[in-house]
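Trainee: Take the sequence shown: its letters are residues 1 to 620, numbered as in this note's numbering.
Hints are computed from structural coordinates only; laboratory data are not their basis. Keep in mind that the hints are not guaranteed to be accurate.
[As the list claims (entries may be wrong)] Derived EDC-like pairs: lysine to aspartate or glutamate, alpha-carbon spacing no greater than 20 Å straight-line:
(1) K261 <-> D191
(2) K192 <-> D203
(3) K526 <-> E462
(4) K526 <-> D191
(5) K526 <-> E206
(6) K457 <-> E469
(7) K185 <-> D277
(8) K182 <-> D344
(9) K526 <-> D203
(10) K304 <-> D531
(11) K261 <-> D199
(12) K526 <-> D458
(13) K185 <-> D203
(14) K192 <-> D410
(15) K457 <-> E430
(16) K457 <-> D531
(17) K192 <-> E430
(18) K454 <-> D476
(19) K404 <-> E72
(20) K192 <-> D111
(21) K192 <-> D344
(22) K83 <-> E72
(23) K404 <-> D75
(24) K261 <-> D203
(25) K200 <-> E430
(26) K182 <-> D111
(27) K71 <-> E400
(28) K401 <-> E64
(29) K261 <-> D277
(30) K401 <-> D476
(31) K526 <-> E468
(32) K200 <-> D429
(33) K449 <-> D429
(34) K261 <-> E72
(35) K526 <-> E205
[What the hints assert, rightly or not] Derived Cβ-Cβ restraints for the label pairs, each shown as a range:
(36) E72 <-> K185: 44 to 52 Å
(37) G512 <-> E206: 54 to 62 Å
(38) E613 <-> L315: 46 to 54 Å
Ideal Cβ positions, reconstructed from N, Cα and C, are used throughout, including at glycine.
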Amino acid sequence: MAPEAITTTTTVQYHQEERLRQRHVNGSTIKNKKSSNNAADNSVAWRSSRHPLTTSAAYAKQFEHAPFTLKELRDAVPAWCFKHNTLLSLAYVAFDVAMAAGLFALATNIDSVFGGSPVARFSAWMVYAAVQGWVCTGIWVLAHECGHGGFSANTTLNHVVGWVLHSALLVPYFSWKISHSKHHKNCGNLDKDQVFIPDKRSDREERVRPAGVTPLVEHGQEEEEEGDIFESPPIVDLLRIVRQQLFGWPSYIIANVSGQKYSTYTSHFHPSSQIFDSHHHRQVILSDIGIAIMLLVLGFLVHKFSFLAVAKYYLLPYLWVNHWLVMVTFLQHTDVRLPHYRGDDWTFLRGALCTVDRDFGFLNFFFHHMWGLTDTHVVHHLFSQMPFYNAQVATAAVKEKLGKFYLYDDSPIFLSLWRSYRSCQFVEDEGGVVGETKPEPIDRALAIKIAKMKSTKDIIIEHQFPCEEHSAHVFDGTIIRLFRIPNGRYAGTRYVSDVNNPSPPAVLLWHGLGLNSACWVCSPSKNPQHDNLAFLLADSGFDVWLVDGRGSNPMEHSTAAKYPWTFSLDDIARLDVPAVVDFVLNRTGRASLALIGFSQGSTSAFAALALSEELNKKIH
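Throw the hints in and build the complete structure from the sequences for me.
Mentor: Written as structure tokens, this is what we have:
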């Protein structure tokens, strides 16, 4: 999940000066400028326009041990910041609950006031859900304070208030409190932290390449080099972000998604889960009882009113709470500037400083400066029992002491979410200190080389794949050129051939308007074998055929074709698709094939299938 991840097996130094893009000095934000003669700064500095890069030597040298102790930081904070004011904490609860109740009361008038306009009524409900989500996220934070003991000096009061508030938001209070405590005690520790544990490089590669697959020696292709990982298209990452924001929190408490990997099923609702010790079982059951009561209340309301009413008043704001909870915690612990530690390289102080304070603008008010989640997160990890209403004073007090070890980012939060998600994908499998990274997406030398190549065949051979060139003759004299990749670089495949036909399954790739077959093999990424569909299919065990369709350049024709450039899209569907499909099937000896079309390619295929019942039997 970040710049080119770097590892080291030696004890490395914790040093953040060169990797800070922004620092707070005397309360103001100072933008760091990269120095051309500062190698560390150039290699690790956060860059807004490109994916961050580091080098193996540079990354490990970024981190030196802090020249201060936790006690020295505590002594820098006024003593009164650590004292609880129970009445003030209860006042915050009353204020937030009153705001939530007021919004609920206003929402009861939405349908009557905006009944004449569906668009206005829908918009009003969306506004209610968003604002109620802000308020209820603040309530979530107050329960979070109870879990840390920062709400009151009275432990019983902490647990009663926390249990009630969290149960109302479908959070298993005691179960979450236990795992969250482990997170604070092991923040930044890859082996013991409890949430937002990044993938290892090997985990990511396993999703790309089938287990047990080995390279084909005859094609001269070695194992993938550094950076040999999928580069997801932006739209794919956008959909994954939406999935994370909608389902990330429920997935975590139900199935421990993004948490430590355990040998058995792990859930915050299961007393025997490995995140709990035997003496935690009663607390987990109490958490489950709280959730069960809330679900019964919601079920009763659905029965008495309707599911739609419960969805509008409760479920939509609930989704917003989940969104903000995931977003702010993800951003505090996921950034290209943040290291992760293993073994003896980890210490509590190092882990506590592996966090980022972020400015959420006016939402800081609703989130109570998200004691632990927005702009006072670093102090929260240093002194988690400190009352949240003193966190800003404490942050100002320790910033001067922290100096270059204090991380702050006031970038727009949604832009930060996009950058962090896209840049932070995995860490290296070994090393005491690792950073989250992704490979650089573009190989510029390869891009220049591909641009100078004259045919699709040249590009395929350049990437160490076998290639055959064929010609399919159409009824009107047009000649359709095809390029075949009969097999990939790997001796093994994830597919089992048909017993009656040992040849690999055939796939036909048809390009879009204004393109040709090169569009399936011309991505100049750092990992072209995985980022070009034709190569990925070939390595996965398919017999891949690429079409240079009618209208592509260059276009061939026989003497029978008097006007080769005079054609319609109907000709492609009526003549070309059946002819090419029959040609490939005759060559491969198969009864059917798969067809993947891009843009016009898929449109032509659908049109051809609509015109011919026989063709439907040949394309599966």
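Trainee: Could you check the structure against the hints above and give me the numbers of any it violates, in ascending order?
Mentor: Checked against the structure, the hints that fail are numbers 4, 10, 13, 14, 15, 18, 20, 26, 30, 31, 33, 34, 36, 37, while the rest are satisfied.
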